[in-house]
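A.B. asks: Each chain is listed here by its residues.
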Amino acid sequence: MTETAKAVILHLGLIAVLFALQFVLPAYHHGNMARVMVLATYAMGYNLLFGYTGLLSLGHAMFFAAGMYGMALTVRHLGWTPPPALLAGLLSGAVLSALVGALALRTVGVAFMIVTLMFSQAAYLTILYFTTWTRGEEGFVLQQVQRVFWGIDPSDPTTRYFLALLVFATCLMLSLWLVRSGFGKVLIAIRENEDRAQMLGYDIFAHKLGAVVISGTMSATAGAVYALLFGYAGASFAGVQYSILPLLWVLLGGAGTLIGPFIGALFTFYLIDITSGYTSAYMAVVGAVLIALTLFARQGIGGEIRARVWRGLP
Amino acid sequence: MTNKTDTTRRGALKTLAAGGAAAASMPLWARYTHAQSAEPIKIGFQVHKTGIGAAYGRWYDRTTTAAAALINEAGGINGRPVEIIAEDDGTDPARGAEVVAKFANQHGCDLAFGTLFSHVVVGSAPTAGELKLPYFVVSEGHHVASGALNRWTLQPGITDVKSQVMSMAPYVVGNLGKKVTMLFPDYAFGHDHRDFFSAAVEANGGEIAALIPIPPTETSFTKYFPKIPRDTEVLYHVMVGPAVLTFVKELGEFFGPSAPAIFGFIDSLEAVDLASPGLEFLDGTYFWEGNPRYAQADQTEYDKFYREKVGVDANGASVSDPTDVSTYAHMFGCWETLYVIKAGMEAAGYSGPEDRQALVEAVEAITDMPQSNEHPQGAKLFNGKTHQVFGPQYISQVGGGKLNVVHTTSIEDTLYPDEVDYTTMSF
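Going line by line, the protein sequences match chains A and B. Residue numbers for the first sequence follow the working numbering, so the first one is 1 and each next one is one higher. Residue numbers for the second sequence follow the working numbering, so the first one is 1001 and each next one is one higher.
Here chain B stands alone, though its shape is the one from the complex:
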């Protein structure tokens, strides 16, 4: 069967010409379109589906989906459903900026949200600022609180590296030893740890025995270990990337049973099963955790609720696949940020993109966030001037193949003087 159509080349050309003329007569016609109030609130989710951040991205995605579903079940935001529009940024800053522009200008999103890796945040923030798109990052970088970004960029759902690192020092110096040697990757992330932690150690009466930077391309670490001074009482490590398993294995072979106390950041082992071969040496060592991966004996009802809704078992792995270990120490940030966005939109009476500025101002006005189903990681204190949230941190010790919390910091331990006041900047 054939379909007869009236389309001719001349007709098509006429239509094209008419369309072109119409477009030319209406310049900028689609640049300022925005959602109508009856439509869903569109949240652009900048997710690392590919690239180095993919393991984090997968779990950020699951957490965000779970929180959005819960918000919608409870009636949405200001009576409107929430729609999560995910775009992969490839964990690349250039693509990240393009994705932010896509949210604002193509998808008509009300805001952008969810970025983890610092270079993607820093690369994307200028675009968010130029497009006047509220940009809620879940990155733990110090970039927001340092004043490097802009008034449209906020981090209300996860603490930053400076407060995390600083708050570890009192416990490390008081309980593990006073002479600390740091092994860190020789780039910005490692330098933040070096600078913030060494200052905090000295402020707490400890001393830095040695600072050992490791080039980012290194795949074997044996040659660095002899540089560790013999009188080192605590070894602080913050290696990330695929070489971390080699690092731990070689460290174990180097020290044998006579190792100093070892303290590390779980960032290196997020999404990695502690039972992986080569990690036996970690038994008895300590880790910072943003949120305890293993359900603790004194687990709060809020953590239980959150864990269940996201689909994570008591060991921090997916309920459907015990080998699929979550990025539990970080991903709560997506959950909590979505609830901050909800609170901000409700306070601002948010009805559409014209209220974006009011949304930022409303979030800036938030201070206390009690521990709850909305904030399962712990109570938070938001600083509207620095756009940064502060909250408790956890120190866990590896034992029996699990991480057991031995210390929880107070929020006060994590505070430091403001480095910026975004509220004095224009929009």
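Extracted from the complex, chain A is given alone in its bound form:
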């Protein structure tokens, strides 16, 4: 079996398992899985930049929020139906990431982290500044009737699960295609050795900018879909916490692996869900797990699978 066939089978297999889980998961975990799939989509977007291009952004919450508000504000204030509103969300993410990318990519390394963090903080404060329209930190609800489109009601648990799966599966397969494409291979080359990639004649800036835009748009997709499926938009999603979370998920799950973001998001979700039942210091537990993984499984869970089981894991 070729590496490509194995990769396709693995990722289609994950999608098939998630499809099958819809029929067996108890209600609570069924709802959680829908959330995890949306959050994993966000993390996948993050991973394209961090895991595959080697650019560590500390400001991805602004892209998630751009999608969320691009979608929710057009529904709330312009009375748009979800399909064009979702497109508005995606477009917001694409435009914002192109602008931020064009400016932030003038820096490298730690400076890039700081610049993205600052842009993200500016986006967060912009949401608060326009409280009249955004309701600031309190946020606002998208009522059930505002979220129905084409006879589909995203507030129905089964519908929500399948919509989340549809978005997750689309982004997963798109990512698989991307990282195996010529463009994706150049991104990996930049991650491994930027100077050498440049010497080979590749336009580094254009490739990095492309990665920022694709990554930002995928994160915005997750934000827009989150607002659609769960009916809420609020400034906390633009806060620094939501910039750190995808980094955490990707580190735990395995940076530079396609299934890593999903594993990381799922693992973190249940780690918090279970430990918070025992102690209010549950974030300390998450921190300890992260330290342990950094010490003993530096590549994250997906990275360990790649190192020990299957070297060709995309």
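No lab work stands behind these hints, which were simulated from the structure alone. Please read these numbers as outputs of a predicted model, since none were measured by experiment. Just to be clear, a hint being listed does not mean it is correct.
Here are some chain A residues the structure puts well away from chain B; computed CB gaps all over 12 Å [what the hints assert, rightly or not]:
1) 3
2) 54
3) 110
4) 138
5) 147
6) 195
Here are some chain B residues the structure puts well away from chain A; computed CB gaps all over 12 Å [to be verified]:
7) 1050
8) 1091
9) 1102
10) 1188
11) 1213
12) 1297
13) 1347
14) 1364
Just the calculated beta-carbon pair ranges, DEER-fashion [said to hold, decoys possible]:
15) A/284 / B/1352: 46 to 54 Å
16) B/1313 / A/83: 57 to 65 Å
17) A/95 / B/1215: 22 to 30 Å
Positions of the beta carbon are idealized from the N, C-alpha and C atoms, including for glycine.
We have chain A already, so just place chain B on it with the hints.
C.D. replies: Positioned in the frame of chain A, the structure of chain B alone reads:
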């Protein structure tokens, strides 16, 4: 010693396969489980144990535990004991929604209750509505009464910010001065104060001299004080968060002894000892209080009872630790809400989750709640259409390191026209 077991890998796989097949043949098997009538009534308590609301959460927890114990001592609800199932929402709206789903689908709770911070309420309410889980919030936000939420979300135990702010205006304009300058945080909470209070000041014959928004990330306030017009008679402040101590200190340094009358909301100083260094400047200033922190000379027997049961001393601090100051102006809401839930369940003949709709309808039918051990903060009037309760508010003046009540509003002072009729919405 070793234990011999019959477990083999093949056997385990067979069991797993059988379990998987059973699960597959019974799709949705656990999605609609609910409590049997002999079991306790499970109340999901969405509590801010961590995050920015942790100080409030600690006291909301203590108040809720005390009220539940009292209800159980008196025979529970409809003969069934009450069990409080607490889950930390981290004062985060996304986690809040997950916690509400956990109450409904994992713990099999009859309802969810107790949320304070507005963004967590707004983030969680859609989930409560979708799961058709009665959601009793103790938030004081205007979100419920504004019609932004849904029929399953109610606020029957604490008044909302609109009625609190409005009812302050007659006293402020009539006694402290007519020209008011407002300093408020530049986000939703501050905007509510700005909009509701400035309208009420003008309706009472006063005027707004200036509106000074302060960005939420500000840590020093000196540059804003020169913007306060010289003819300001009353300074209205509603700063919250850790910067409030700096705010008060810098305000004192700026004005010295010639300050205008100062009126603020105690929200900024909940769980903060008034004797903290830097707060001396507050002496002689006025505060809104939802419930007087310090036991007053004319303390009611109901407040005495409530204070004792929750474990709060006459200074509003924990009886076991005088430095552990309570969030007394808000936490009574948990106590009173639990008694509203009790009254609603008894009126509805509540026996299990199938009666959740009847519970909401029964609470909607409640109107008057006389001052009592169940409602120690004061008599209340519940509006079933807007799902919001109305009640008296207190204005206190700082003197001798304590807050002394100088005015109590009537319920009528707090009323405003309905903005929504939830009873016309479907369940």
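A.B. asks: For every hint, state whether the structure bears it out.
C.D. replies: Status of the hints after comparison with the structure:
no., hint, result
1, 3, "holds (30 Å)"
2, 54, "holds (29 Å)"
3, 110, "holds (22 Å)"
4, 138, "violated (4 Å)"
5, 147, "violated (9 Å)"
6, 195, "holds (39 Å)"
7, 1050, "violated (5 Å)"
8, 1091, "violated (9 Å)"
9, 1102, "violated (6 Å)"
10, 1188, "violated (4 Å)"
11, 1213, "violated (9 Å)"
12, 1297, "holds (38 Å)"
13, 1347, "holds (28 Å)"
14, 1364, "holds (19 Å)"
15, A/284 / B/1352: 46 to 54 Å, "violated (38 Å)"
16, B/1313 / A/83: 57 to 65 Å, "holds (59 Å)"
17, A/95 / B/1215: 22 to 30 Å, "holds (26 Å)"
In terms of the numbered hints stated before, the structure departs from hints 4, 5, 7, 8, 9, 10, 11, 15, listed from lowest to highest.
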